[in-house]
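Trainee: Sequence:
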Amino acid sequence: MKAAPVFLSVVLLLPFSDAFSAWNWNGTLKAKFQGDNRYTRYVDDSQVFGEVWGSFAAYDNDSWRGSIDFVARESSLFGFEGDIYQLVIEKQIKAWNTTLQGGRFQRSDSLGFYSLDGASVQYQLPEHGLTFNVYGGRPTRQEDVRSVSGDWLYGLELMSNQQFDWNNKVMPVDTWLFRFGFQQFHDDHTSTRLSMGNTIAGQYKQGFLHAYELAFMATLETETGVFEEVYSSLMLDVTEYSRIRVNYSLYEPKSPYPTFKEKFYSDYHQGRQDLLRVTFDQELTETFAYHLNPASPYFDSH
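In terms of our numbering, the sequence shown opens at residue 1 and continues consecutively.
Keep in mind that the hints were calculated from the coordinates and are not lab data.
Here the structure is a predicted model, which is why all the values come from computation and not from measurement.
Mixed in with the good hints there might be a few duds.
Label pairs and their computed distance ranges (CB to CB) [unchecked claim]:
| no. | residue 1 | residue 2 | range |
| --- | --- | --- | --- |
| 1 | V246 | F80 | 20 to 26 Å |
| 2 | S75 | A95 | 46 to 52 Å |
| 3 | N26 | Q124 | 23 to 29 Å |
| 4 | F216 | L125 | 22 to 28 Å |
Every residue, glycine too, gets a C-beta built ideally from N, C-alpha and C.
With the sequences and hints as input, model every part of the structure.
Mentor: In structure tokens, the structure reads:
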């Protein structure tokens, strides 16, 4: 197993609770046995293997939680293999509105979906709708395509969820969601990314429009000054039962830090990706509705 250092660090965080503390646990365990000759049809030996997938979580009645996700495989060709996807201890400090995490946990951000061997601290101001998150550690990926694998990274995030009652005939605002992130990734080089997301939504009081939602998200790679990802969306409810949605997304991969998405697109098209999509939904009755999604135009700037 490659997660021995992670396991030792997590053991140090394990709770030593009183004898009266009640703990609960749940989990799943799946096993598979398979014979496979799809990749060995021109040779004599086929691959036979067995797999065990496990996911377990334990928690007390107060503030501690621990979880583990793992896989183990015994193969006729490669012998024993195994890996731990997640092994994390979480502690809530309710008096400070703070949550601590340590071990190996999973993240999803501008670098993609990956595991982080490290720690995070989340602080909330619920009366103000604010959340702060600071994290750091060594990024890893278990799949064949190791898009996020480096020496270490750190970052911080600010998330805001605000409720308004701003009545306006053109664009009333009921809710505003805002997110800002800073992240620095270290390997042979250093890469710094800034991300921002905004979503506003409101409901019209007049009769000719019902509601809307407007969203915009972007990721800027500061060394090159290029927006690696841009996404915008407009959802308009003409009536309570009729909806129009317009999406626009841009993806422009940059080296020397290929992500999982970059490696996927590199097999099909190298360069900038632009996508514009318009959809329409309408519910005519309680039992009949239809959806229109015309072919999305594709624009190549090269």
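Trainee: Next step is simple, just say for each hint if it's right about the structure.
Mentor: Comparing the hints with the structure gives:
1. V246 <-> F80: 20 to 26 Å: 52 Å, violated
2. S75 <-> A95: 46 to 52 Å: Since S75 and A95 have Cβ atoms about 50 Å apart, the given range 46 to 52 Å holds.
3. N26 <-> Q124: 23 to 29 Å: Holds: the Cβ-Cβ distance is about 26 Å, inside 23 to 29 Å.
4. F216 <-> L125: 22 to 28 Å: The hinted range 22 to 28 Å holds for F216 and L125, with Cβ atoms some 24 Å apart.
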